[in-house]
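J.: Going down the list, the sequences are from chains A and B. The numbering used here runs 11 ahead of the 1-based position in the first sequence. The numbering used here runs 15 ahead of the 1-based position in the second sequence.
Honestly, the hints are just simulated from the structure, not real lab data. Bear in mind the structure is a predicted one, so any value in this text is a computation, not a measurement. Worth double-checking, as some hints may not be accurate.
[What the hints assert, rightly or not] Okay, the calculated beta carbon distance ranges per label pair: (1) B:Gly336 x A:Asn120: 40 to 48 Å; (2) B:Arg248 x A:Ala48: 54 to 62 Å; (3) A:Ala50 x B:Gly175: 52 to 60 Å; (4) B:Ala53 x A:Ala141: 55 to 63 Å; (5) A:Val78 x B:Val135: 36 to 44 Å; (6) B:Glu70 x A:Val78: 36 to 44 Å; (7) A:Cys52 x B:Glu328: 44 to 52 Å; (8) B:Val135 x A:Cys52: 53 to 61 Å.
[To be verified] According to the in silico footprint, chain B covers these stretches of chain A (three or more CB under 8 Å from chain B): (9) 20-26; (10) 87-100; (11) 105-116.
Glycine included, every Cβ here is placed at the ideal spot set by N, Cα and C.
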Amino acid sequence: MATYARATDPFPLQSAEQNKLHEFYERLAEGRLTTTACARCRRVSWPPRGFCPECVADEFAWIDLPVEGRIHGFTIQDAGVPAGFEAPRVFAIVSVGDARIFAPIVGPNANTLTVGSRVRLAPLRVADDARGSPRHLVAFALVETSG
Amino acid sequence: MRPVALVGAGVTRFGVRKASYRDLIWEAGKACFDSVPALRPKHLDGLVVGSVMPERTAFQSHISSLAAEALGIKPSALSARTEHMCASGTVGIRYAYAFIAAGLADLVMVLGVEKLNQPVADEAILNMGTGVDREWEACHGLTAPPCFALAAQRHMAEYGTTEEQLARVGVKNHTHASRNPNAHFQKGATLEQVLWSRMIAAPLRLYMCSPITDGAAAVILASGQWARDLTDRPVWIRGTGQALDGFTLSSLPDDYSHWPAMRRAARSAYAMAQVGPGDVDVAEVHDCFAIAEVIAYEELGFCEKGEGGPFVETGRSDYGGDVVVNPRGGLMGCGHPLGATGVAQDVEVFAQLRGEAGARQLPDAAIGLTHNNSGMGEHVVMIYGRDPA
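One chain only, chain B, in its complex shape (with noise of 0.2 Å):
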């Protein structure tokens, strides 16, 4: 296989955004080819698109095509919309880095665009609904946050868990926000608002949970040697893996609070970059609500099964402690536009890794993990270096 390297990034204003399906795809492409001068985009021979729901919010399908056009690329090689829920973008890296690295395409843009918001405010809530089984679960009204409230009972009860350490996620993911110009929440959050607002789906109040988002991300992928000649600086994709435990509530395993398919989808990351948990320096984890957050430290190996809550409440995964995670502000601080949070967490470890991330940088960031679930049982792990090997 050919090494795969990011070459640009660029991102959205994330938040509840006066914009159209296509605007965010122009923002968020004039901002990816920006951070590469050299390159136009007609020198592009391929394009994915990651999106969830278009169908619904904008009427719309055909969606990579649409894109391209908005963009300027001639797609030779390469051209697909992704469609897998919250992992929508990561799944759509993997496709360019596959093509990319099998020879099939030298460079591809991935693109993840999402416009949820809607003049009816539950119309949006409705539609997320589609994201859950509709003959089974959707039919009762059910969308994300009571299935990871079930996780988060369970965690609890199990490993003694508490509420003011999941409260911590939200303080935490809160406060790195308040330092991202881009981000759907700016203001940070204290203890007291994480544990005092108001309950959603017991255990996790509003502040633990991820808001509804607008916004779009972009980057490009480049094959090894196109990756020199753009930039001096690539940031390479030295690891992936996928992996499934199940759909539906009833086809996950007994215990809600272990994934264990997100450990597998870390484990075979891991062996294919052949780094460890503890070489990871700054880790972008799909915080849709603090549980997962939690769960995924756990899965991640970051620290045993049951010590997520005391590894954030002593602050071992944040700035000075062992690994930092949801620099940005992860899909809490962020907000969470669907198929564009894989692509944005990738434009945060892409800017870390190149010591780009301003007030939110980590000295020296050598290697960073991405993270992407579409639910409890679905699971999508990226690494990245900055050295290619």
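So here's chain A without its partners, still in its complex pose (with noise of 0.2 Å):
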């Protein structure tokens, strides 16, 4: 008999035989922050997509966008994550160029953010998939400033 368990993956498939998105995930692994940009149009989306919605087209070329941004809110959260993550977690919007990404800031010192603060690209290894392909998430960390 099967015994109680959760049967859940809290990550996204991110290879080339199982996402259209796989180059943006090959590229963060590599420390860049990348998305598409409508190759008719030139609209550029956050998040990357599989056409574009202004004209439809679903030709797009990946672009990079900066490494660096700023903090434009955020909130800790200190109870209540979901099972097999661990609080305090810190939950920002990030400006990046025009856009703006949702992502947690990590690293010792990522509760003393403060809006405005300038974080940088931090990308987060997360468990393989059951194929044992490896797995990157987009995460910022604080950039320490001098003085």
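Combine the two chains into a complex, taking the hints into account.
T.: What follows is the structure, encoded as structure tokens:
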């Protein structure tokens, strides 16, 4: 008999055979933050998309976004996080170029952030998928300011 | 379009229930049928079930047929399940309304049901993460509280809304719930209790958040002719509206203290009902978190933008004020069994507009409003009247 068990994978499948956006994740693993720009109307989307919501073209180019941004808003969650995740968690909206990106802020000093703090991309390695492919998520860390 | 009215309503006890998914369907269905003695399940020609995650919580799909069999309904005109996260119940009511108004069905039950609590507590929270985008948000452990915390922080920074004003929403709704024998929490709450409850996601504390709750609720919608035959006090659907700004946090408007989709949904509903915010006597709004009710006052037009904090602080959303908001105790006091919530809001408006709300009754309530949302960017509004027009 099966015992009571959670059967859930909290992370997206990212490999080429499982995700049209696999190039995003391949570049993220190299420390780059990229997104899709429509090849026809040039609209830049965040998150990256499978086709353009403006002109409906499905040809797109991958463009690099800046790897540094600023905190637009944030909250620290102290309690009530899902199974498999640890509190406290620092969640932020990061302004990167024209995009506003939801991401956790990681690093030992993460809870010292304020609105306007500078942050830098810090890709987060999470559990491999069931076939052993490595997986990464977008995360940012505070940029140390001198003086 | 044909006129449509509520003719029956019933709700289970909300809480951490020692009951199966089907037990909850039976309880709400029985309570609803008991409110319309002339009606038997075989008379209904439709059923819509609002339910968000029985696949995870009861390992069950094929929900509308399961519920039809449990309730003794044999749909001949409409059978469907609606899933729209926290607004699933009201989205189901809109479907039933549209079918009846169009002449495609005559008598439809809408039942909302959720069994969220699990043997392992943090699994229930894990499941709530199915409501945000897995690839870009839920993968980080995001659930609802941090999203609404971001809105609260923005509202405090932009309009000077205070922690005490947010706490006042919790005090009001927990106090209302103390007069509701079906509420998850019935002990009320003092300002000190709310302000000193533990922090969940700053600035939202435990008593400013709705809990994870099991429960079910059901209403029966009828065409005008059927409604008059079945009861001398039908509650008429006067208007409805739905609008969406976006799903992911990145897709929402830049300033999370403004929820334009709610304003648009309300505008549609008011225009259809030919009433304005000042005409609303009683409103059941989606207070999943205290900040949501504050923003709802503003976007529904009960007060100006930015005035939501003072609005609750001065009692204008309570008995004796401009409009009684969340008389049954809201999501914070009654709990939030996702798919059941929107239907339970209607159960309360049905009772208030018929003068059957007992200790919670607002005298002479004639116009009621319900607002149900699924995240900050997706909103549904219904307006009900004691009179058909």
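J.: Do A:Cys52 and B:Glu328 keep their Cβ atoms within the hinted range of 44 to 52 Å?
T.: 48 Å, holds
J.: According to a criterion of three or more residues whose C-beta lies within less than 8 Å of a C-beta of chain B, is the segment 87-100 of chain A covered?
T.: holds (count 11)
J.: With respect to the beta-carbon atoms only, verify the hint that B:Ala53 and A:Ala141 lie 55 to 63 Å apart.
T.: 56 Å, holds
J.: How about the segment 105-116 of chain A: do at least three of its residues have a C-beta closer than 8 Å to a C-beta of chain B?
T.: holds (count 6)
J.: Take a look at whether the Cβ-Cβ distance between A:Ala50 and B:Gly175 falls inside 52 to 60 Å.
T.: Violated, at about 47 Å.
J.: Please check whether the segment 20-26 of chain A has three or more residues whose CB lies within less than 8 Å of a CB on chain B.
T.: With 3 residues close enough to chain B, the hint holds.
J.: Between A:Val78 and B:Val135, is the Cβ distance one that fits in 36 to 44 Å?
T.: 39 Å, holds
J.: Do B:Val135 and A:Cys52 keep their Cβ atoms within the hinted range of 53 to 61 Å?
T.: 48 Å, violated
J.: Could you check the hint for me, namely that B:Arg248 and A:Ala48 are 54 to 62 Å apart, CB to CB?
T.: About 59 Å separates the Cβ atoms of B:Arg248 and A:Ala48, which means 54 to 62 Å holds.
J.: Taking the beta carbons of B:Glu70 and A:Val78, is their distance inside 36 to 44 Å?
T.: 39 Å, holds
J.: Does the beta carbon distance between B:Gly336 and A:Asn120 stay inside 40 to 48 Å, or does it fall outside?
T.: Holds: the Cβ-Cβ distance is about 46 Å, inside 40 to 48 Å.
In the structure shown, a violation is registered for the earlier hints numbered 3, 8, in ascending order.
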